[in-house]
Structures are given as structure tokens and as C-alpha cells.
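Asks: So the chains spell out like this:
Protein chains: 2
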Amino acid sequence: MNELSNKECEACRIDSPQVTEEESQKLILEIPKWEVIKLDGINCLRRTYEFTNFIEAIAFTNKVGEISEEEGHHPAILTEWGKVTVTWWTHKIKGLHNNDFIMAAKTDQLI
Amino acid sequence: MNELSNKECEACRIDSPQVTEEESQKLILEIPKWEVIKLDGINCLRRTYEFTNFIEAIAFTNKVGEISEEEGHHPAILTEWGKVTVTWWTHKIKGLHNNDFIMAAKTDQLI
Numbered sequence: 015m016n017e018l019s020n021k022e023c024e025a026c027r028i029d030s031p032q033v034t035e036e037e038s039q040k041l042i043l044e045i046p047k048w049e050v051i052k053l054d055g056i057n058c059l060r061r062t063y064e065f066t067n068f069i070e071a072i073a074f075t076n077k078v079g080e081i082s083e084e085e086g087h088h089p090a091i092l093t094e095w096g097k098v099t100v101t102w103w104t105h106k107i108k109g110l111h112n113n114d115f116i117m118a119a120k121t122d123q124l125i
Numbered sequence: 015m016n017e018l019s020n021k022e023c024e025a026c027r028i029d030s031p032q033v034t035e036e037e038s039q040k041l042i043l044e045i046p047k048w049e050v051i052k053l054d055g056i057n058c059l060r061r062t063y064e065f066t067n068f069i070e071a072i073a074f075t076n077k078v079g080e081i082s083e084e085e086g087h088h089p090a091i092l093t094e095w096g097k098v099t100v101t102w103w104t105h106k107i108k109g110l111h112n113n114d115f116i117m118a119a120k121t122d123q124l125i
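The listed protein sequences derive, respectively, from chains A and B. The opening residue of the first sequence carries number 15 in the numbering used here; numbering runs sequentially from there. The opening residue of the second sequence carries number 15 in the numbering used here; numbering runs sequentially from there.
What the hints contain is simulated information worked out from the structure, not anything from laboratory work. Glycine residues also receive a C-beta, built at the ideal position from the N, C-alpha and C atoms. Just so you know, not all the hints are guaranteed correct.
Said to hold, decoys possible - Derived CB-CB ranges, DEER-like:
1) B/R27 with A/E22: 38 to 44 angstroms
2) B/E84 with A/I81: 25 to 31 angstroms
3) A/E17 with B/E24: 27 to 33 angstroms
4) B/I81 with A/Q39: 42 to 48 angstroms
What the hints assert, rightly or not - So, partial list: chain A residues that the calculated Cβ filter (under 8 angstroms) puts toward chain B:
5) C23
6) Q32
7) E83
8) A90
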């Protein structure tokens with residue numbers, strides 16, 4: 015059982031702390047297929063999932079959309095033929111919150 | 015009636031010609047909200063559509079997916095809270111084909 019994927023997002027305020035570098039390195043161990051990338055100076059989590067056609071890709075996009083709505087936290091989802099790239103970060107704090115690692119782990123449970 | 019949106023994509027081969035600069039400038043007049051951008055050296059058509067929430071955005075993503083499957087030509091669709099960015103280009107010829115302008119016009123018809 016992946017502990018991270020069973021957690022729920024907590025309310026995030028504009029002054030909520032970003033995860034520290036140390037916390038990030040620990041959390042990423044639970045979601046090893048994700049990488050931390052910097053986009054416009056903002057730390058994000060990103061993973062690309064591969065599929066055999068477009069229909070499977072967009073079906074996955076919809077599943078990610080469903081958990082996003084359930085948790086009230088939304089990623090950027092890039093849907094292409096045979097692949098979907100999901101990027102999580104917390105807009106309010108312009109960086110990574112514990113919630114993003116939780117959502118990444120939940121996303122992994124969808125495949 | 016937008017003529018471009020009523021056309022159907024033609025079969026595209028690896029040696030099909032890219033649209034010329036002159037053709038591109040003429041075709042873009044029919045889809046004025048799209049811009050030609052260069053991604054990794056490849057000319058693409060891109061437009062961002064805005065919505066009031068995530069559900070509307072992903073509903074639009076699905077509509078774009080449906081016409082993509084119908085025509086057998088697939089874009090990159092970036093779904094975010096309140097917006098969807100659609101990018102059309104033709105993978106086989108690494109650039110813009112007449113089909114991409116047709117699909118951009120068809121995408122505009124979905125809103």
C-alpha cells in the first residue's frame with residue numbers, strides 16, 4: 015500500500031509553506047517515476063504516461079480530471095497521441111506543496 | 015459559413031508538401047485567433063481557449079478529442095483549470111499541412 019496515495023489534500027493557503035528540499039527528496043522516493051522540474055522559476059512535479067493510441071490517452075486524461083475535481087486541486091494535463099504528461103504544482107504558493115506529492119501518487123494509481 | 019471548417023482532411027504522406035509561407039498567411043485569415051508558432055523548429059498552429067472552471071475545460075478537451083479521432087489527425091491538448099491550449103501540426107511532415115488549418119477551423123466550431 016502506497017501511503018502517500020491514501021492521503022487527502024489539506025486546505026492550502028497562500029501562506030502555506032512549500033516543501034523543503036529535504037522533504038522533497040524524501041517524498042519523491044514514494045513516486046520514483048516523477049521528476050521535479052522548474053517551469054518559469056516554479057518547482058513542479060512531472061510524469062509522462064505512455065499509451066498505445068489517442069483514445070486510451072484521453073481516457074486517462076479524464077481519470078486525472080476526475081480525481082482533480084474530487085480533491086479540488088488541478089494539474090496541467092497535456093494529451094497527445096499515445097501519451098499524457100501530467101504536471102502538478104500549487105498555484106497559490108507558486109511551488110510544491112505536500113498536496114502535489116499526494117496527487118502525483120494518486121495519479122499513479124489510475125494506470 | 016466558414017469554408018475551411020467544412021473541409022475534410024486529405025490523406026497526408028511523408029512527402030506531402032508543407033504549406034508555403036504565402037498559403038499560410040492566406041489560410042490564417044480564416045482562423046484569426048490562431049497563431050503560427052515554432053516548437054523545436056517545427057511550425058505549429060496554437061490557440062488557447064478560456065473557460066470558467068476545470069469541468070468546462072476538460073469537456074472541451076473531449077470534444078477536440080472526438081473530432082481528432084473522426085479525422086484521424088491528433089493535436090496536443092493542454093488542459094488546465096479554466097483553459098485549454100490546442101496545438102496542431104502534422105507529425106509526418108514536421109510542419110504545417112493544409113489539414114492543420116482545417117482542424118483549427120473545426121476546433122473553433124466546437125465552442
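Asks: Give me the numbers of the hints this structure contradicts, sorted from smallest to largest.
Replies: Failing hints, ascending: 1, 3, 5 and 6.
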